[in-house]
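*Asks:* One line per chain: the protein sequences are G and E, in this order. Note that the numbering used here gives residue 136 to position 136 of the first sequence, counting from 1, and the numbers run on in steps of one. Note that the numbering used here gives residue 198 to position 198 of the second sequence, counting from 1, and the numbers run on in steps of one.
Please keep in mind that the hints were generated in silico from the structure rather than gathered at the bench. The structure displayed is predicted, hence computed values, not measured ones. Positions of the beta carbon are idealized from the N, C-alpha and C atoms, including for glycine. Hints may contain errors.
Taking beta-carbon pairs under 7 Å as the criterion, some of the chain G residues facing chain E (in silico) [what the hints assert, rightly or not]: (1) Thr181; (2) Gln209; (3) Leu210; (4) Asn249.
Just so you have them, the derived chain G footprint on chain E, three or more residues with Cβ under 8 Å [claimed, not checked]: (5) 82-91; (6) 109-121.
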Amino acid sequence: MTAILESFFGGLSIASVLLLAALGLAIVFGLMGVINMAHGELMMLGAYTTFVVQNVLKGTPLESVYILFALVTAFIMASLLGIILERGVVRYLYGRPLETLLATWGVSLILQQLIRSISWQLATGIVLFSLLFFGTLWFFSRRGDFERFRGWFLGVMLPISAAITWFVSDLLGKTHKMPFTRPWFGTQGVDVTAPSWLRGGVPIVPGYQLPLTRLFIILLTAACLLGVYWFLNKTVWGLRIRAVTQNRNMSACLGIPTQKVDALTFAIGSGLAGVAGCAVSLLSSVSSNLGQQYLVDTFMVVVVGGVGKLIGSIAAATGIGLLNYVIAANALGPLLSFSPALTAISEFFASGPMAKVFVFALIVLFLQIRPAGLFPQKGRTVDA
Amino acid sequence: MSQANGSVATSPAALDTQPMLDIRGLNVYYGESHILRNVDMSVQRGQMVCLIGRNGVGKTTMMKTIIGLLSPRSGSIVLEGKEITRLSPDRRAKAGIGYVPQGKDIIPRLTIRENLLLGLEALPPGSAKSQTIPDDIFELFPVLKTMLNRLGGDLSGGQQQQLAIARAMMGRPRLLVLDEPTEGIQPSIVLEIEAAVKSIIRETGISVLLVEQHLHFVRQADWYYAMQKGGIVASGPTKDLSKDVIQEFLAV
Chain G
1 MTAILESFFG
11 GLSIASVLLL
21 AALGLAIVFG
31 LMGVINMAHG
41 ELMMLGAYTT
51 FVVQNVLKGT
61 PLESVYILFA
71 LVTAFIMASL
81 LGIILERGVV
91 RYLYGRPLET
101 LLATWGVSLI
111 LQQLIRSISW
121 QLATGIVLFS
131 LLFFGTLWFF
141 SRRGDFERFR
151 GWFLGVMLPI
161 SAAITWFVSD
171 LLGKTHKMPF
181 TRPWFGTQGV
191 DVTAPSWLRG
201 GVPIVPGYQL
211 PLTRLFIILL
221 TAACLLGVYW
231 FLNKTVWGLR
241 IRAVTQNRNM
251 SACLGIPTQK
261 VDALTFAIGS
271 GLAGVAGCAV
281 SLLSSVSSNL
291 GQQYLVDTFM
301 VVVVGGVGKL
311 IGSIAAATGI
321 GLLNYVIAAN
331 ALGPLLSFSP
341 ALTAISEFFA
351 SGPMAKVFVF
361 ALIVLFLQIR
371 PAGLFPQKGR
381 TVDA
Chain E
1 MSQANGSVAT
11 SPAALDTQPM
21 LDIRGLNVYY
31 GESHILRNVD
41 MSVQRGQMVC
51 LIGRNGVGKT
61 TMMKTIIGLL
71 SPRSGSIVLE
81 GKEITRLSPD
91 RRAKAGIGYV
101 PQGKDIIPRL
111 TIRENLLLGL
121 EALPPGSAKS
131 QTIPDDIFEL
141 FPVLKTMLNR
151 LGGDLSGGQQ
161 QQLAIARAMM
171 GRPRLLVLDE
181 PTEGIQPSIV
191 LEIEAAVKSI
201 IRETGISVLL
211 VEQHLHFVRQ
221 ADWYYAMQKG
231 GIVASGPTKD
241 LSKDVIQEFL
251 AV
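For reference, chain G alone in the conformation it holds in the complex (with noise of 0.2 Å):
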C-alpha cells in the first residue's frame, strides 16, 4: 500500500511537469497542427522571466510571493514572443510543416544563443534597430504605393538601421564599459530559490515526503488545464479557436477573423509554455538548454495522447509520468521477487535514465500499433 501511494504521488508530480510542459505544445501543434522547435526556448524565457522578477523583487513586501508574480510575468513575455514568431516567421509557413521544423529549430538556436549573450549593449541594439528599421517600414506601408518600392526600401534602411545600431551600441560599450557590455545571464545557470512556504514536503506515507514544490506544480497544472479547457469551450474565442483548427476556409467564409484567431492561439500555447517554464525552474538550475531538456518529452506527450485532443494529453503524460517513476523507484521489484529473471531486469532499469529508455522504447512500440496515438480523431481529418 505504501509503495503504491508512494509511486503514485511520485509519478504524479512527473506526470504534472510534463503536462505542465506539454499544454502549449498540445495547443500550437494539437490545434494548429504547428511543429514548434522554439517551444523549449519559450519556456526557457519562462524561466528566466522568473528569476528576473525573483531578483526584482527580493527585499521588498512581495518578496515571499514572487512566485505569483513570476507566474503571470512569465506567461506574458511567453506570450509575446509567440506573438512576435507567429506574425514574424510560423504565419508565411502555414502547411508547410517541414519548413516550419527548420525554421522554428533556428530560431530556437537564435534564442539560446541570445539568452546567453544578451547585455544591455546587445539589448540597446536590438530595440534601436527594431525602432529604426521596423519604425521606417511601419510608416513607408501605410502608403498606398509602398509595394512598388520595397526592394529599394530594404536595400537602404537596412543598411543604414544597422550601421546606425552598430555605431551607437559601440560608443556607449566604449564610454560605459563592462556593467554595460556584461551579460545579463551568461553562459553559467542561474538559479531560483522557491519562497519559503514552498521549502519543505507534506508526508504522504512514513519515510516519504512530497516536496512542496511538486504539490505547487501539480495544483498549478491543474488550474491551467481548468482554465485552458474553460477558454476554449466556453468562451467565444474559444469557439472560434476550435472552429479554425476544424475548418479555415469555413470559418473565414462565416465572418471568423483568421488571423487574429492564429495570432491568439498561438500566444495562449506560448505562454502556457512560459508557466511551465516559470514552474520548471522550481525544480532545477535555469540554464539556456532548459528548452531541450523537454522539448522531447512534451512532443511525446502530445503524440502519444493522439493530435488535437487534450483529453489525449492528460492521459498521455499521466501515463508516460507513472510508467517513469514505478520503472525508476523499481516499485514493482517486491511482486517480481518470484522469478529472478524478471528481477534482474527490472533492477537493470531501476535508475533515471534507463527508465526513460525503456518508456521510449515502449512509447515507439505503442505508436507502432495505434500511430494516431491514445485518441485519434474521429471521422474527418483535420484541414491543412
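Fit chain E to the supplied structure of chain G, relying on the hints for placement.
*Replies:* Same frame as chain G, now just chain E:
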C-alpha cells in the same frame, strides 16, 4: 485596403436601384489555367438569381470568388455599391454575404448549437451578440431544434445542408449565396430546403444567388445566368427558360 473599406457615398434613392451584387469583367485563374473569362453578372435587390451550367464550367469557382476564397486576376465585385474585390472572406461575410458552400462544410466536431452560433460572427462588430439562437431560425428548419447538442459531423447530408443554411441566416446576410444546396440529398429534404429558401426570401426580402441543377428549384428563381466554359453565355427571366436552354445547360 482602406480605400476599399470606405463605402461610396450614395443617396437613399440610389440605394434602391443599386444592384445587390455587381460583377464586372471577372477573370479567375487556377495557376495558369483560365477558369472564369470576363464574367459580368448582377443580382438585384430582393431577387433570386440562379446560375446554371454543366459540371466543370466554373460555377463553384464563381461562388468561391464572390466570397473571397479565390482572388480574381482582374475585374471587380461590388456589393451594395461597395467594392469588395480585395477583401478577405471574413470581411465579406461581415459586409453581408451569407455563404453556403457546395459540400456544406459543417464544422464536424462542434455541436449544432455551436455551429449555429458561429453564424453570429458575420454580424457587424459592436452589434449586440446575444449568443442565443432566435426562433425564426428554428421556424425555417424545426428539425435542428431537437438536436442542438449533437455533433455537426453526426448529421445526415440533408440535415447538414439545413444546418448550413440556418448558420448562414444567423448572420442576417443581405445576399445569400447557395452552391448546389440540393446536390446528393434525398428528394423529400430537397423540397424542404426549397420551401425554406422561398420562405427566407418572402420573410426577409434578401437577395439569393443560387447554383442549382434541379429544374424545379431553378424555376423558382427570378432570373437565370447560364455558364459555359467559364463565361456567361445566356441570361434572362427564368419564366422564359426554354426546353433547349434547359437541355443545353442542365445536367439532367
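*Asks:* Provide an ascending list of the numbers of those earlier hints which the structure does not satisfy.
*Replies:* Hint check: 1, 2, 3 fail, others pass.
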